[in-house]
Amino acid sequence: MSCSSCCAAAAVPSPPVVLARPRVRFAASCSTRTDQKVLFLGSRQFPRITYNPSSRASSRLSRREVIAFAGQQSWDIGRFVRTLYFFNGPPNPLKIVESIISSFTSSASSEAPKKMETSDVVLVTGATGGVGRRVVDILRKKGIPVRVLARNDDKLFKGVRKVVNAVSVIVGPKEGDTPDRQKYKQGIKFFEPEIKGPSPEMVEYIGMQNLINAIKNSVGLSEGKLLFGLKGNLSGKIVWGALDDVVMGGVSESTFQILPTGSETGGPTGLFKGTVSTSNNGGFTSIRTKNFTVPEDLSAYDGIELRVKGDGRRYKLIIRTSYEWDTIGYTESFDTTKGEWQSVKIPFSSLKPVFRARTMTDAPPFDASSITSLQLMFSKFEYDGKLNPTFTEGPFELPFSSIKAYINEPITPRFVHVSSAGVTRPERPGLDLSKQPPAVRLNKELGSILTYKLKGEDLIRESGVPYTIVRPCALTEEPAGADLIFDQGDNITGKISREEVARICVAALASPNAVGKTFEVKSTVPFSEPYVIDPSNSPPEKDYEVYFKELKEGITGKEALEATPAQV
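First residue of the sequence shown: 1, per the UniProt record's numbering; consecutive thereafter.
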């Protein structure tokens, strides 16, 4: 006997689920179907389950009970159990009943939800050096939160959004120096140098590898962080499963598939498809990822970008920050254009804390550093009683080729590195070393210091982090304020104030025009002439943006080594 005929024989009307406080029993018999296999659950089969009216008095769950009358269609309790098992392990019957009951008793508030809080800490490495300590001083004067690298501690990088790296191998006089390093401050041309402490390879190359690995997640990538897509985990790092209105007694059904040639370029793409029905007071389908083993830290980014082929409907993106099964989802709707591939950007700042289609004003602010799952939904319902204006019952399909976290444009540098002029010259063919600075002539004697500085630069350029690389000429203790020359290609020699370099680094942090640029800088004052200023009439700070705008990406000086023309 079918479910509907059972219900008719029992002469029971067809209202929605009814709650009764004293006792719980199933008032009508229903049978489940297991002939439809759900792809994401694999091939595991579950036995047919039948509830008999004669046994309804003994069907007891804890102290509360639910009388479930038959709806318009049979409710697939087997699929309900499989859904719970897929996302949450073996289901606890008591928790299931409490979850259903609470869905009818939860309340909502009309107050605006709390706003998301963000931080923008600048990490300064090498903060005890001549340039580094000046960078710290300038940032503090501007009221920018600063953190100084003192030890290798994972907690140190939490909340860091930008880095100024002024770490450098220590070079000092062989004969020793004064406690305040007076000989060193005069410049390397005035003493016979040697490496003090760790080697250039350890500091400039291996140290750079460690630093980039430590800060990469914290500061973010220019192209964003791919969560799902061809270059990431289309093959299965993210595991999707259907989460439909069957959990509330409905009959809608969806699935996640991979189409081998479904993307706009003819490659594979993900597909969210299904059939949605409002029977049994249902009306939504969704696919949700299994909880990530380790929460995703997307705090360096500003939102989620989806690449989808629209069908003219409105969908929802839901992000969770808790491992609990039934919890608040930070939600935003997005509209699609029928038949067109489009990029949909959803800022984290627009996410609403929603629990069972109701906005929760007492929810904590969205925490992008602890994302545990993602969910795509097509639903009859919006929030707080509003309906989806594009909703229609029946089949639907939403292909999506990628999901990634993005940084708002214009992107500014997240990593500013102080390197050195001359890094490409030791191996440059045809170069007259006698006319080069001491560091170039003594590169090998100094542990290949410039060679490893260049290797460290290459790590930054290859990292994907938005960067600026500053290559000062010989550093001096002179005041800032002299006229400057910015150049590219690693050809100039001269001197520049440490204070000036520090100001350039801080200015670069806020400049979109400095992103992806490598450049050398020096003052116009000859090395043989000291530069002094009147303390009572200091020169105004420069507008470094004028220089940044003239710089070009891709010019490093390595073009001469590779015998290829510089990019212009």
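Hints in this document: simulated from the structure, not taken from any laboratory.
All C-beta atoms, glycine included, are put in the ideal place defined by N, C-alpha and C.
You may find that some hints are simply not true.
If you anchor each label on the Cβ, the simulated ranges turn out as follows [unchecked claim]:
#1 Ser538 - Val294: 36 to 42 angstroms
#2 Pro198 - Thr327: 46 to 52 angstroms
#3 Lys174 - Met202: 16 to 22 angstroms
#4 Asp120 - Gly464: 36 to 42 angstroms
#5 Thr275 - Asn408: 35 to 41 angstroms
#6 Pro365 - Glu175: 35 to 41 angstroms
#7 Glu462 - Asn408: 19 to 25 angstroms
#8 Pro539 - Asp432: 33 to 39 angstroms
#9 Gly385 - Leu226: 34 to 40 angstroms
#10 Ile170 - Pro410: 32 to 38 angstroms
Of the hints stated earlier, which fail here? Structure breaks hints 1, 4, 6.
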